[in-house]
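Chains as they are written, first to last, in our numbering: chain B, 4 to 192; chain A, 4 to 192; chain H, 4 to 192; chain D, 4 to 192.
Worth flagging that the hints you see were computed from the coordinates, not collected in a lab. Among the hints, erroneous ones may be present.
Which copy is meant is left open, because identical chains are indistinguishable; a pair holds if it fits in one copy or across any two.
Capping the alpha-carbon separation at 27 Å, the derived lysine-lysine pairs in DSS-like fashion look like this [unchecked claim]:
id : residue 1 : residue 2
1  : K12       : K31
2  : K12       : K88
3  : K124      : K31
4  : K31       : K53
5  : K88       : K31
6  : K88       : K53
7  : K124      : K53
8  : K55       : K31
9  : K12       : K124
10 : K55       : K88
11 : K124      : K55
Keep in mind that this is a model prediction, so the values were computed, not measured.
Number of protein chains: 4
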Amino acid sequence: MTDSKRPGKRERLAGAAVQVLHERGVEKTTLADIARAADVPVGNVYYYFKTKDQLIQAAIGEHGRELDTLIAGLEQLPTPQERLKALLRGWMSRPDVTARYGCPTGTLASELDKRDDGLDKAIAGVMRRLLDWVETQFAAMGRADARELAVGLFASYQGVALLTNTFRDPELMTVEGHRLERWIDSLAV
Amino acid sequence: MTDSKRPGKRERLAGAAVQVLHERGVEKTTLADIARAADVPVGNVYYYFKTKDQLIQAAIGEHGRELDTLIAGLEQLPTPQERLKALLRGWMSRPDVTARYGCPTGTLASELDKRDDGLDKAIAGVMRRLLDWVETQFAAMGRADARELAVGLFASYQGVALLTNTFRDPELMTVEGHRLERWIDSLAV
Amino acid sequence: MTDSKRPGKRERLAGAAVQVLHERGVEKTTLADIARAADVPVGNVYYYFKTKDQLIQAAIGEHGRELDTLIAGLEQLPTPQERLKALLRGWMSRPDVTARYGCPTGTLASELDKRDDGLDKAIAGVMRRLLDWVETQFAAMGRADARELAVGLFASYQGVALLTNTFRDPELMTVEGHRLERWIDSLAV
Amino acid sequence: MTDSKRPGKRERLAGAAVQVLHERGVEKTTLADIARAADVPVGNVYYYFKTKDQLIQAAIGEHGRELDTLIAGLEQLPTPQERLKALLRGWMSRPDVTARYGCPTGTLASELDKRDDGLDKAIAGVMRRLLDWVETQFAAMGRADARELAVGLFASYQGVALLTNTFRDPELMTVEGHRLERWIDSLAV
DNA sequence: GATGAATGAGAATTCATTCAT
DNA sequence: CATGAATGAATTCTCATTCAT
């Protein structure tokens with residue numbers, strides 16, 4: 004933690020990986036791509052990560068941490084409805100990026116599920132934390148079917164992100180976002 | 004004097020491609036994989052398809068045709084509600100396959116969007132036809148917000164397929180399926 | 004020689020080969036290219052020529068025959084000078100084709116010399132006949148150094164064809180043609 | 004602590020390429036051939052040259068540089084006649100190599116002209132520099148028709164190289180060489 | 001620790017040639 | 001004889017990973 008070296012080459016790599024994996028996709032991304040984005044020489048990557056998988060692993064961790072931060076922020080809000088709608092707004096906040104590259108979490112999950120290494124577990128873990136948190140909110144609203152609703156909400160977001168990306172149409176995301184907000188409001192007791 | 008060459012090697016290849024692309028994903032699938040699945044020597048594939056892209060293209064076409072057939076079958080049903088619920092049931096009919104490999108259409112769309120060739124347009128076309136048909140059903144139910152509802156329904160399915168796949172949990176799909184059926188029923192005038 | 008079949012599929016193949024080999028070059032030309040140009044199904048080529056080499060061989064033969072015909076025509080002319088200048092004019096008659104594809108004989112010789120099969124001998128034979136004929140003309144002019152002059156003239160043509168092709172400049176060929184004609188005139192006793 | 008990696012693997016590759024392309028011809032030469040000649044593993048070639056074309060490009064550059072050096076040496080000579088004759092002698096200095104493989108510049112030009120990539124421009128540039136230099140010498144001799152003479156001389160060399168190669172007869176080159184030297188002498192004012 | 005270079009295991013693609021009717 | 005289809009060997013190219021300093 005001295006600054007004898009630029010702070011956190013390891014972190015820089017993980018961060019760059021999150022970015023590049025989102026934009027290019029897991030399979031299209033080469034180690035060289037990530038190294039370049041992080042401004043780290045290729046050969047050096049292996050000092051920090053023994054394999055490409057481990058780097059991806061780290062990227063997933065980093066991405067998870069970003070989401071945890073987001074959620075931690077939401078905890079400040081007074082009611083579960085507020086929190087859920089704020090989450091929605093966060094998810095939907097950059098429709099053009101989604102239109103271009105899809106949801107970072109979802110596309111990652113989708114791609115990693117095709118692999119036999121353990122990476123799919125890692126991203127599943129991240130998604131589960133999100134899902135659990137959403138469930139908690141619905142439970143706090145007194146809903147017995149909280150899990151079901153959580154799945155429904157999360158699925159709606161993931162699905163519309165996919166459609167938004169496929170059709171390259173940010174509008175889809177915005178419209179569906181509003182629909183879901185109204186739906187949340189309608190659930191209030 | 005046997006029935007000679009098994010009919011439609013081209014079709015066999017496209018069919019095998021649909022299958023293998025779904026199971027392995029676009030980027031992980033090698034021509035050799037498809038060739039093997041279709042029981043065709045690799046070199047011979049190029050007699051039918053000039054490039055790997057063209058074979059993928061054909062697979063998309065084939066997949067689209069399968070969906071068109073599915074939909075054509077639904078047209079027999081008397082009410083739009085019936086038709087939509089039947090579509091849902093079709094989509095959700097093999098939760099274990101979805102848990103293992105995701106929705107074939109959705110995963111394809113997700114992966115192809117990372118590519119710069121025109122393949123993303125092809126799969127987008129397939130999805131648009133589905134979406135339009137769903138919209139038509141909602142319109143037939145007298146809903147002014149038919150497009151919005153169509154996007155919502157399609158997104159819900161795509162999203163839950165993604166979650167089902169990520170969590171490897173067929174239950175998710177089944178439960179959400181029922182929830183969506185009830186929702187459709189609730190829309191009846 | 005009935006016309007139950009279109010006359011001379013074999014000849015058509017050889018002729019097409021001459022053409023295509025000139026335009027595309029030996030190594031870039033595929034059997035399929037030649038077959039297509041001759042309007043003969045690929046599989047059928049092998050009925051007439053057991054290997055690609057044999058087809059090229061036939062093309063060389065055909066090309067040689069065309070040159071022999073050309074030369075036979077020149078024999079009508081009264082003086083060796085006339086004959087040589089007519090040969091020159093024949094060679095230089097389509098400078099734009101030469102600029103695009105080079106001299107058919109020369110490029111063939113150049114490419115075939117890189118191969119270990121006997122094809123180089125075949126094209127060398129064709130060139131030798133030409134060279135001998137030129138020598139004969141110089142001898143008829145009473146020149147003791149007829150061989151040397153023949154080599155010089157033939158070389159000048161081949162060389163300028165190469166430059167014309169390399170620089171894609173038909174003018175080169177025309178100008179050098181005139182220069183060589185003047186040179187021939189200057190040799191008259 | 005040895006002199007470590009032999010210096011200039013990139014140069015070694017380009018040099019080997021010049022050699023092998025001359026001997027085997029462009030189309031018959033495989034990357035593996037060049038790699039072997041340079042004693043470099045195939046995969047490693049791509050560290051230095053992104054494509055085969057780029058390696059060929061580099062070979063052309065290297066070849067051009069060799070010619071430039073040759074010419075620079077000739078500049079020392081006092082008269083243009085001396086310089087031209089020295090060039091001739093350089094060109095004709097290894098008739099047996101020419102008999103076996105042709106003129107490296109000429110065969111390269113001939114083969115590359117069949118390709119659609121820009122490689123033909125590259126070799127044409129090399130030849131143009133040579134041609135220009137020859138023209139300059141003739142101009143220095145006070146000849147108004149310097150360009151024409153330059154084309155004639157260059158063509159004679161290229162042509163006789165082609166014949167020498169085709170007939171596998173080094174004598175041709177030697178004899179024509181002398182003839183051209185006498186011709187240059189005869190041009191002196 | 002840092003780094004440019006090395007290496008080899010695939011992957012797509014092309015094509016002469018052969019085969020089955 | 002004719003012909004669409006089949007086959008496999010060769011070739012270019014990519015990249016994760018390793019090595020030598």
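(request) Classify it for me, K88 with K53: is the Cα-Cα distance of at most 27 Å met within a copy, between copies, both or neither? (result) So K88 and K53 fail the 27 Å test inside a copy (41 Å) and across (50 Å) alike.
(request) At 27 Å max between alpha carbons, let me know whether K12 reaches K124 within a copy, between copies, both or neither. (result) within (26 Å within a copy, 38 Å between copies)
(message) Within, between, both or neither: how does the pair K12, K88 come out at a Cα-Cα threshold of 27 Å?
(response) neither (36 Å within a copy, 53 Å between copies)
(request) Could you figure out if K31 and K53 sit no more than 27 Å apart (CA to CA) within one copy, between two copies, both or neither? (result) Both: 20 Å inside a copy, 18 Å across copies.
(message) One pair to classify: K55 and K88, alpha carbons no more than 27 Å apart. Within, between, both, or neither?
(response) This pair counts as neither: shortest intra-copy Cα distance 37 Å, inter-copy 44 Å.
(request) Could you figure out if K124 and K55 sit no more than 27 Å apart (CA to CA) within one copy, between two copies, both or neither? (result) within (16 Å within a copy, 31 Å between copies)
(request) Since the copies are identical, ignore which copy is meant and state whether K12 and K31 lie within 27 Å (CA to CA) inside a copy, between copies, both or neither. (result) within (23 Å within a copy, 30 Å between copies)
(request) Pop the pair K124 and K31 into one bin, within, between, both or neither, using alpha-carbon distances up to 27 Å. (result) Both ways: K124 and K31 sit 21 Å apart in one copy and 18 Å across, limit 27 Å.
(request) Please work out whether the CA atoms of K88 and K31 approach to 27 Å or closer within one copy, between two copies, in both situations, or in neither? (result) Intra 34 Å, inter 38 Å, cutoff 27 Å: neither.
(message) Please sort K124 with K53 into within, between, both or neither, judging by C-alpha distance up to 27 Å.
(response) within (19 Å within a copy, 30 Å between copies)
(request) Can you give me the call for K55 and K31, within, between, both or neither, at a CA distance of at most 27 Å? (result) Classified as both: same-chain Cα gap 13 Å, cross-chain 16 Å, threshold 27 Å.
Of the numbered hints listed earlier, those contradicted by the structure are 2, 5, 6, 10.
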